[in-house]
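Trainee: Sequence:
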Amino acid sequence: MSNLKKRYLTKSRYKLGLECPNKLYYTKKKVYSNQKLEDSFLQALASGGFQVEELARMHYPEGILVEDKKSDETYNYEDKVNQTTELLENNDEVVIFEAAFCFENLFIRVDILEKKGNQINLIEVKAKSFDSTNAEYEFESKKGNLSSSWKSYLFDVAFQKYVINKAFPKYNVKPFLMLADKSKTTSIKGLNQLFRITKNNNNRTGIERRIHTLTDIGSESILGKVDVSRETSGIETGKHRIIEEFDFEESIQILSKTFKEDKYYNYPLDYSSCKSCEFKTNGVADSNSKSGFKECFTKQLGWEEPDFNEPNIFEIWDFRRLNKLTETGELKLKNIPDEEFGEVKDKDDKMSRVRRQLIQKHKALDNDYTPELYQDELKDEIESWTFPLNFIDFEASVVALPFYEGQSPYEKVVFQFSHHIIHEDGKVEHANEYINVQPGEFPNFEFVRELKTALEQNVGTVFQYSSYENSTLNQIKQQLENSAETDRKELINFIITLTTPPRNYAGSPWLPIRPLVDLRKVIVDYYYNPYTKGSNSIKAVLPAIFETSELIKSKYTKPISDINMTSKNFRDNHIWLRRKEDGTIEDPYKSLEHPFKDWDPEFERKSEIEEINNGGAALTAYGLTQYTDMDDKERDEIKNALLRYCELDTLAMVIVYEHLKEITEDDYKV
0 MSNLKKRYLT KSRYKLGLEC PNKLYYTKKK VYSNQKLEDS FLQALASGGF
50 QVEELARMHY PEGILVEDKK SDETYNYEDK VNQTTELLEN NDEVVIFEAA
100 FCFENLFIRV DILEKKGNQI NLIEVKAKSF DSTNAEYEFE SKKGNLSSSW
150 KSYLFDVAFQ KYVINKAFPK YNVKPFLMLA DKSKTTSIKG LNQLFRITKN
200 NNNRTGIERR IHTLTDIGSE SILGKVDVSR ETSGIETGKH RIIEEFDFEE
250 SIQILSKTFK EDKYYNYPLD YSSCKSCEFK TNGVADSNSK SGFKECFTKQ
300 LGWEEPDFNE PNIFEIWDFR RLNKLTETGE LKLKNIPDEE FGEVKDKDDK
350 MSRVRRQLIQ KHKALDNDYT PELYQDELKD EIESWTFPLN FIDFEASVVA
400 LPFYEGQSPY EKVVFQFSHH IIHEDGKVEH ANEYINVQPG EFPNFEFVRE
450 LKTALEQNVG TVFQYSSYEN STLNQIKQQL ENSAETDRKE LINFIITLTT
500 PPRNYAGSPW LPIRPLVDLR KVIVDYYYNP YTKGSNSIKA VLPAIFETSE
550 LIKSKYTKPI SDINMTSKNF RDNHIWLRRK EDGTIEDPYK SLEHPFKDWD
600 PEFERKSEIE EINNGGAALT AYGLTQYTDM DDKERDEIKN ALLRYCELDT
650 LAMVIVYEHL KEITEDDYKV
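Sequence positions in the sequence shown follow numbering that gives the first Met the number 0 and run 0 to 669.
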């Protein structure tokens, strides 16, 4: 059978089938929308996954890469298997990168394969961290259960081991994971800068090394290799399962047959899995694509288009009983009694989780888009705040390979903040901002110095949206404690004026004198807007406010120069809220100016990013500035786009505050 016709179950498809066997029918078909299509690349770029894989290869300098032939018009499975077989058969000892194995319609490529006689060490490299000082119970608890966060990775390794054993039964296969070890630190500055992303590299990882041997990076690599034989053995015997009714070999046989025959499996719906299904359409962008999610519900529940428009449980914020509803088969809100949500436990005059869910349910069923408001309680909260009001937002990268000597894997690198102030007279000032996208520069300590200078200009209340800024500052505090910065005590003292200690903090606790106020928590406690459909993300709350507040629309459909406001990144004639042809308001994040929109198409860019209007895009953009050899002009274009995005984030917080203030006025009518 030719490569064009044979359908191979790869390790990624096997893992997808374990999530839900029905997904195998929809994957790799352009006609179906897939919300995760580019996730793997972007996540690897943002986390430094490509660099981790290349560093892992440096542990085996004698390794031979099974390469893709440029002349291939299609992915040549057979050629890669032949290359691997030849290396195994002709060498008693050999290390192979991307070794390829095939058994029936099962196909895998192994990150690193080490052969010594009849012994094969299968080494799967992951840009994920572990602690080697506690490795015994990292993957499997004392009770013998696999950790949920590692389960899919371990099934991946077990699948690879199975295919090798079937293809070459004469070999004894031992499985390993190679991971970033958080108990280790790097002894050099700029470790992550030594592996550069390039478009012109034959290497599958797309990485160009700036070093040749492990000795170039100091005394010890920050990667660690862990034997996972115990865990994979438990998978092979059926002790550990993802799909409970299938043991390990059954799961492979059933999923391989399903994929080979290109059949819809008709696996019973699991609402927890369905809620996060990637095969959904997403508005206008996917208007020409089909929804695998809808097809499943049509095939199994007989739903038609009107059914999908009825309010359902997937819309309910933080609903924790999906497994029970899977058993009953109920999904539409009209068929789910209030009792299924749990007991209402209001306290301290705030909306409890269940109370909020029931409010959402009944407003959805009544087609009621009037916000629910605990007006007096919200008013008391707002009156406890001190002018001028400060709104801050951070952007940070968390990468596997450290930026700075003495750091461990996955320490935060905080490269940007924006700071808006609302004065008591109502003036909105974009007062301060900071950004550092210079490759290889560790920005955290300079970042907190700049933030300190900005916030110490007044004694007003400081706001965050979610607890991200609190946790980020606490991580910088820990970095400062381990540093030799001459002003570290001063900077630490500043941080603890704002933050609350992390949970299970082992040191001496502290009480902030100017604690960060979480605007998201204020929303959750006192206010529900049906236009959010249960989401408390600021990206959902903001457009909901535009639907609700004439005051906000009236103000922000005017130019900046007309609304008592300053901006560092937008002209005075910029209008934040633009009306579409149908009169509705365009999401200001979607109307952010695209970087490179006026660039000469003949200019060869190192980056391919087209817009920066969400956190994921911001992290990807920062990664591009760090790991590609772009010139200053291109880097500045990305920098300016990041500044615009972050300014909008703190302006969004300002708008949320203004709306909350509006709805607590005595003459406000809900």
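Hints are not guaranteed to be accurate.
[To be verified] Computed list of lysine to aspartate or glutamate pairs in EDC-like fashion (alpha-carbon distance at most 16 Å, straight line):
id	residue 1	residue 2
1	Lys188	Asp226
2	Lys333	Asp367
3	Lys5	Asp91
4	Lys14	Glu314
5	Lys169	Asp91
6	Lys274	Asp317
7	Lys532	Glu309
8	Lys10	Glu103
9	Lys165	Glu103
10	Lys605	Asp581
11	Lys378	Asp130
12	Lys274	Glu294
13	Lys293	Glu303
14	Lys181	Glu410
15	Lys605	Asp586
16	Lys660	Glu380
[Said to hold, decoys possible] Simulated restraints, written as ranges between beta carbons of each label pair:
id	residue 1	residue 2	range
17	Ala483	Thr452	31 to 37 Å
18	Ser507	Thr452	35 to 41 Å
19	Arg6	Ser232	54 to 60 Å
20	Phe602	Asn133	47 to 53 Å
21	Glu248	Lys346	28 to 34 Å
22	Pro267	Trp384	16 to 22 Å
23	Thr452	Glu585	24 to 30 Å
24	Trp384	Ser275	49 to 55 Å
25	Asp261	Glu661	53 to 59 Å
26	Glu207	Trp384	47 to 53 Å
27	Glu585	Gly615	17 to 23 Å
It is worth saying that the hints were derived from the structure and are not from the lab. Remember, it's a predicted structure, so these values are computed and weren't measured experimentally. Glycine included, every Cβ here is placed at the ideal spot set by N, Cα and C.
Trainee: In ascending order, which of the hints set out earlier in this document are inconsistent with the structure?
Mentor: Violated: hints 1, 3, 4, 10, 11, 15, 17, 18, 19, 21, 22, 23 and 24.
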